[in-house]
Every structure is written in structure tokens, then in C-alpha cells.
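If you read the sequences in order, they're chains A and B. With the first letter of the first sequence counted as 1, position 201 gets the number 234 in the numbering used here; the numbers rise by one all the way through. With the first letter of the second sequence counted as 1, position 182 gets the number 1126 in the numbering used here; the numbers rise by one all the way through.
Some clues are possibly wrong.
[Stated by the list, open to error] Where chain B lies over chain A, by a calculated footprint (3+ residues, C-beta under 8 Å): (1) 46 to 54; (2) 114 to 127; (3) 250 to 263.
[Said to hold, decoys possible] For the chain A half of the interface with chain B, some residues (derived, Cβ under 8 Å), not all of them: (4) 35; (5) 38; (6) 42; (7) 105; (8) 107; (9) 109; (10) 110.
[What the hints assert, rightly or not] Listed next, the in silico DSBU-like pairs over lysine-lysine satisfying Cα-Cα at most 35 Å (straight line): (11) 1034(B) / 1111(B); (12) 257(A) / 964(B); (13) 177(A) / 964(B).
Rather than coming from a laboratory, the hints here were simulated on the basis of the structure. Virtual Cβ for every residue (Gly too), placed ideally from N, Cα, C.
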Amino acid sequence: MRTMSAIASDVRFQIRHGFYGVYVLVCGLYVLLLHNISPGYKEKTALLLTFSDPGAIGLILAGGIVLLEKDQGVYDSLFVTPLRLREYLIAKAVSISVISSCAAWAIQLFALGFPAMPVHFTLGVWLTSCLFTFLSIGVVTRAKSINGFIWLSQMYSLPLAVPLAGLFDIGPSALYAVFPTNGSLLLLEAAHRPIPARESLYAVAVLSAGTAAAYAWAHRSFEKRILSRVGEGAAR
Amino acid sequence: MIQVERLEYSYPGAAEKTLKGLNFAIGRGEIFGFLGPSGAGKSTMLKILIGVLKGYAGSVRVLGQELRFTGPDLYERIGVGFEFPNFYTKFTVLENLNLFRSLYSVPTEEPMRVLDRVGLKDAARLKVSQLSKGMKMRLNFCRAILHRPDVLFLDEPTSGLDPVNAKILKDLIKEMKAEGKTVLLTTHHMQAAEELCDRVAFIVDGQIKLIDSPRELKLRQGRKTVRVEYRKEGEPVVEEFPLEGIGNNKSFLQVIDRYPVETMHSQEATLEQIFLETTGRSLS
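Construct the complete structure from the given sequences, taking the supplied hints into account.
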């Protein structure tokens, strides 16, 4: 019940701060771009766009939300209620995953049609979004300003972009196997071609493991750097 | 409701302890004030008492629970209002209260009812960003009491408020007491403490220097005299008379009988003076 309330509040927060409006605009631009790209490059471009935007949107959105919440000082009120930190983090991941999935589906449907494996595709977007959301929360607890956050988030997320090199056949594919985002790319590819069950299992496992690790890191970082400072009143 | 024994706390990496062996107990239906200058350890103690800081030494029990072992369920029974009233600024007053209300599993107040109690009913549909500081402070109080807590912790509850808003909040705190709630407030506003608190504790450099009721302190440490200002042949005169046997004091009776009295006050000490004498420090 508390988690549902927190999710509803997060969605409202994102709408009120205009995140949805901006995102509809960005998705519209992506669809236009994909319509005007030659068919030979369309699938790869769509995969890259879906990974880097709807998938990784959590990286920017979650950080932005936490920065706004810190600025408004709401943690002084929020964390003197029975709300658990895990519920707060899950609400962030779910609310951002919802917008990610909607955007990914909109881009896919308008630019390329119905995905070959819709469940795989949705799971890929969902888990990738959660991974980047948790990563972003872990990062933003270390940032003191928007600029600091942007800089740190790029540093921390850079290793997760390594498997993108595999899309361009750079290096042996086994090299990327340990990266959770390798699982993201495999699942997102399922929008364009069916992938075997073994690959699907590997993709879900590696991506879930990465997401769980990011969650644990975000939880620890938030507890240490934000919760212990409740009562110090960020907003004045 | 609150028992603290041998409480000590050091921030990680700090050379000196912030709290140095505090002992006190607060009963049901009591308003207890912690007075001290900035940096005395009031905020640290408050953060321990509301379960934010766990790594303390000694024992801190609130509602019978040792706080180092409690989780967020504690907040079902305690209410906390910090000095800075922070909310989701793009949500309305009502949306904020409904959100916070939805996080409790215990029965909660109707938001419009509590808003009405603090004179904010008409502001229910306003965004928080449109509220004045006084309105936000009252809203902060509403949030803190939404779930009808048994113990209420308030940090500088009247800070930055004009006299009208301060009175509204003070009346509400007294209402909480009348309902049997325990209220602990930290402040450096002597007047608010004097007016509200059943007992006060002076805290300086992480130590409690004195605990007693404001009335007892003022009587014990004041001069037992009456100071009279009157006019004698057009000139202002000030005289003090001992309180003991004042009804039979001929000089005093003569003054009030013969001359126009302008002011007349007993000379109990103020909390500010007592604080200064006890701690050697000023509150501001």
C-alpha cells in the first residue's frame, strides 16, 4: 500500500515538473528520425535509441528527481513516516520504468511496428530502466549540484556502455558477457528478431544481477548520505 | 514515554563527543523543552530521539522501545516537525497531506479537519510554493499530527513566526498536552519555552546543566522583592520592597496609598538570566 502511494506520488511529481511533456516531445523527435532513416540502419538505430533513451532514461530522471526532492527538503518530512527506504527506491524504479516502457513501445510501434518478442522487449526496457535508476540514485547521493551529478553520472555509467561496441562487431562477444547491459541489448534486440531461450535466460539473469547490485549500492548510499542527514533541512 | 540514560554520541571522525552522558525522563502528557544555543547538541539529541541516529552509547527508550533496534514503524506512533517546513512544492496543501497520510497504517485525521484547526482550510487547494512561512509552519504541524501520535517532537516550532501564528501553534501544542500527548520541543526562544513547557532542560556543550519547571526555576533564582515605579512630586521614583510580610510593610503601603504607581512587578528571574547564570553562555 505504501509502495503504491509512493509510486502514485512519484508519477504526480514527474508530471508536475513537466517530465512527461518533455518526454513526449523527445519521443516524437525519435519517431521522426527513425521514419527518415534508410531501412538498412533502422533496426540498429532503433536499438541504440531505445537502449540509450527509454532504457537509460532512469539515469537522468532519477537523479533529477532526487536533486529536486533534496532541494525541496522533502526527506525531512518523508523519512519521519513509516515509509521504508526500499519502498521509496522501488517506487522510483517502477514510476520511471512505466514512462520508459511507454516511450519504448511508442517509438517501436510508430517507427518499426509490433515487436517480434513483446515480453522480452518490455522486460529489457523495464530492467534496464531499473538498473540505470538505481545507479543514478547511488550517484546523485554523492553529487552536490546538477553539474556534479551530470559529470559523475557519465563517469559511473560509462562502463555500462561498453557492450555497445559489440553492436559494431568490435572485439569478441564473450568480452561483454559480464556486463548487465549486454543482457539489455539482447532483450531489446528481441524487438526485431526472436532470440533463443538460452540467450533470453542469460540476458535476464545478467541484467537482473546487475540491477540487484545497483539497488544494493543505491540503498547503502542513500542510507549513509541522505537518511543520516534527515532534519538538517535542505530547503530554506 | 521517554527515558534517556547515560546517552553519549560522537559523529564519525569527530575528536570530541557531541553528547556527554545525558540522563532524563519525560512522562505522559508533559511538554518538555530543551533549551540551548546553536551547537549545544539539541539537534543531535533530537535526531537520536526520533531514531535517525542509531550509533549512540547508553540507553534511549521511546514508548518502551530501545531506539537503536527500532525501524520506521516507530513513526506510526511519534510525530516529528522540523524547524524548516519542507513539502512537495508543486503539490497542493491537500495533496501533500493526503500523500503523507497514505504512508501510515494507523488511523489518521481527515486532512480538512486538521487544516481547519490551524486556519488553513481555505488554502487547501493552493500549491505549497504559494504559502507564506507561517502557513508552511502550520502545515508542518498538521503533517506531524496527522496520524495522532503519542509523542510529538518539534524543533523550533515558533521559529520565524509572527506573534499571531506563534500563538496559533502554541495553542495547538497545549491542546496536544490536554489530549494526553507528550511533546518534546527544542528551542532557543525562552518566551515560548516559558509559556509552553512543564519542564525545561538547559543543554550546553552536550551536557544538561539543569532540569526543572520554568516556574520553580524563576522563583528559586529570583529576588524575593517587589519593584515599584511611582511618581513623587512629579519625579519618577523606583523602590524595591521585600515580598515577605509585604501586606504589613508600612513603607510599601504608604507608597501605594499616597503616590501614583506606574508599574509594580515581583522580581523573579527570567529563564534567560537563569540560563546565563547556570551555563555562562547566552542563548542567541
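Cross-check of the supplied hints:
no.: 1; hint: 46 to 54; verdict: holds (count 3)
no.: 2; hint: 114 to 127; verdict: holds (count 4)
no.: 3; hint: 250 to 263; verdict: holds (count 3)
no.: 4; hint: 35; verdict: holds (5 Å)
no.: 5; hint: 38; verdict: holds (4 Å)
no.: 6; hint: 42; verdict: holds (5 Å)
no.: 7; hint: 105; verdict: holds (5 Å)
no.: 8; hint: 107; verdict: holds (6 Å)
no.: 9; hint: 109; verdict: holds (5 Å)
no.: 10; hint: 110; verdict: holds (6 Å)
no.: 11; hint: 1034(B) / 1111(B); verdict: holds (28 Å)
no.: 12; hint: 257(A) / 964(B); verdict: holds (24 Å)
no.: 13; hint: 177(A) / 964(B); verdict: holds (32 Å)
Consistency note: the structure conflicts with none of the earlier hints.
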